[in-house]
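Peer 1: For reference, the chains in residue letters:
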Amino acid sequence: NAGVMQNPRHLVRRRGQEARLRCSPMKGHSHVYWYRQLPEEGLKFMVYLQKENIIDESGMPKERFSAEFPKEGPSILRIQQVVRGDSAAYFCASSLTAPNTGELFFGEGSRLTVL
Amino acid sequence: KQEVTQIPAALSVPEGENLVLNCSFTDSAIYNLQWFRQDPGKGLTSLLLIQSSQREQTSGRLNASLDKSSGRSTLYIAASQPGDSATYLCAVSTIQGAQKLVFGQGTRLTINP
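Read top to bottom, the protein sequences are chains A and B.
Using my numbering, read the first sequence as starting at 1 and increasing by one per residue.
Using my numbering, read the second sequence as starting at 1 and increasing by one per residue.
A hint or two may mislead.
Below, in silico cross-link-like pairs of lysine-lysine (DSS-like), each with a Cα-Cα straight-line distance of 30 Å or less [claimed, not checked]:
#: 1; chain 1: A; residue 1: Lys71; chain 2: B; residue 2: Lys42
#: 2; chain 1: A; residue 1: Lys51; chain 2: A; residue 2: Lys62
#: 3; chain 1: A; residue 1: Lys44; chain 2: A; residue 2: Lys71
#: 4; chain 1: B; residue 1: Lys68; chain 2: A; residue 2: Lys62
#: 5; chain 1: B; residue 1: Lys68; chain 2: A; residue 2: Lys71
#: 6; chain 1: A; residue 1: Lys44; chain 2: B; residue 2: Lys42
#: 7; chain 1: B; residue 1: Lys1; chain 2: A; residue 2: Lys44
#: 8; chain 1: A; residue 1: Lys44; chain 2: A; residue 2: Lys62
#: 9; chain 1: A; residue 1: Lys44; chain 2: B; residue 2: Lys68
#: 10; chain 1: A; residue 1: Lys71; chain 2: A; residue 2: Lys51
#: 11; chain 1: A; residue 1: Lys71; chain 2: A; residue 2: Lys27
#: 12; chain 1: B; residue 1: Lys1; chain 2: A; residue 2: Lys27
#: 13; chain 1: A; residue 1: Lys62; chain 2: B; residue 2: Lys42
To be clear, the hints were calculated from the coordinates, so they are not data collected in a lab.
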């Protein structure tokens, strides 16, 4: 049973470009979460999605960031017009059951570097 | 607002020692607490999940306890090995926002052969 799969593992973008990060949850998991780990900081919640629905995006920056989890295919975290401050590791997690009971399983992360 | 603190920030011990990592949280209204390990440049590996109604969980050489009323959890590692070297993170799921795990800054553990 494959774990949470994220790609790309490493992504380099120049300022102003777009970054797309993909996450395939564990098989059977319908709850997906995105977290960001800035250099020398802890992990911070960004967004929680279920299939085709954004449940909680309170941790997402108001501009340039968006997330989706379509009926078919992986969850996508999209960052438009990237800036140097977006350089970070972006982790996706999934759970089988609701957040208050489910154990979260994390992917290996996507490390974004903005030049 | 929930805040999670982990002490110490870094710990270095010789191989074979038993050790305790500490985690404290400010809001005791939690659903569960989860311990993870993170290797450099890698993702998070779930170690133990303790529901709020539980006092402890064990997995191999690891034992995690939870005292919800005092806002504390400990991770006990028995007979430490060099392969245990990693950063250990605790995270809580609060009743106010169950979907948002709140993480501590982690304890960077080094086991010296």
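Peer 1: All the hints need checking, so say for each whether the structure fits it.
Peer 2: Hint-by-hint comparison with the structure:
For the hint linking Lys71 of chain A to Lys42 of chain B, the alpha-carbon distance of about 28 Å falls within 30 Å, and the restraint holds. Proposed proximity of Lys51 of chain A and Lys62 of chain A is supported: the alpha carbons are some 22 Å apart, at most 30 Å. Proximity of Lys44 of chain A to Lys71 of chain A is assessed by CA-CA distance (about 26 Å); at most 30 Å being required, the pair is judged to hold. Between Lys68 of chain B and Lys62 of chain A, the direct Cα distance comes to roughly 34 Å. Violation of the 30 Å bound is thereby established for this hinted pair.
A hinted pair counts as satisfied when its Cα atoms are at most 30 Å apart, and Lys68 of chain B with Lys71 of chain A does not qualify at roughly 38 Å. Between Lys44 of chain A and Lys42 of chain B, the direct Cα distance comes to roughly 16 Å. Compliance with the 30 Å bound is thereby established for this hinted pair. With a C-alpha separation of about 14 Å, the suggested pair Lys1 of chain B and Lys44 of chain A falls inside the 30 Å cut-off, and the hint holds. Proximity of Lys44 of chain A to Lys62 of chain A is assessed by CA-CA distance (about 15 Å); at most 30 Å being required, the pair is judged to hold.
Annotation: proposed proximity of Lys44 of chain A to Lys68 of chain B holds, straight-line Cα distance about 22 Å (limit 30 Å). Taking the CA atoms of Lys71 of chain A and Lys51 of chain A, the gap is near 6 Å; set against the 30 Å cutoff, the hint holds. Note on Lys71 of chain A and Lys27 of chain A: the hinted pairing holds, with a Cα-Cα distance of about 14 Å set against a maximum of 30 Å. With a C-alpha separation of about 33 Å, the suggested pairing of Lys1 of chain B with Lys27 of chain A is violated against the 30 Å cut-off.
Only pairs whose Cα atoms come within 30 Å are accepted, and Lys62 of chain A paired with Lys42 of chain B is accepted, the gap being roughly 28 Å.
The structure does not agree with the numbered hints 4, 5 and 12 stated previously, though it agrees with the rest.
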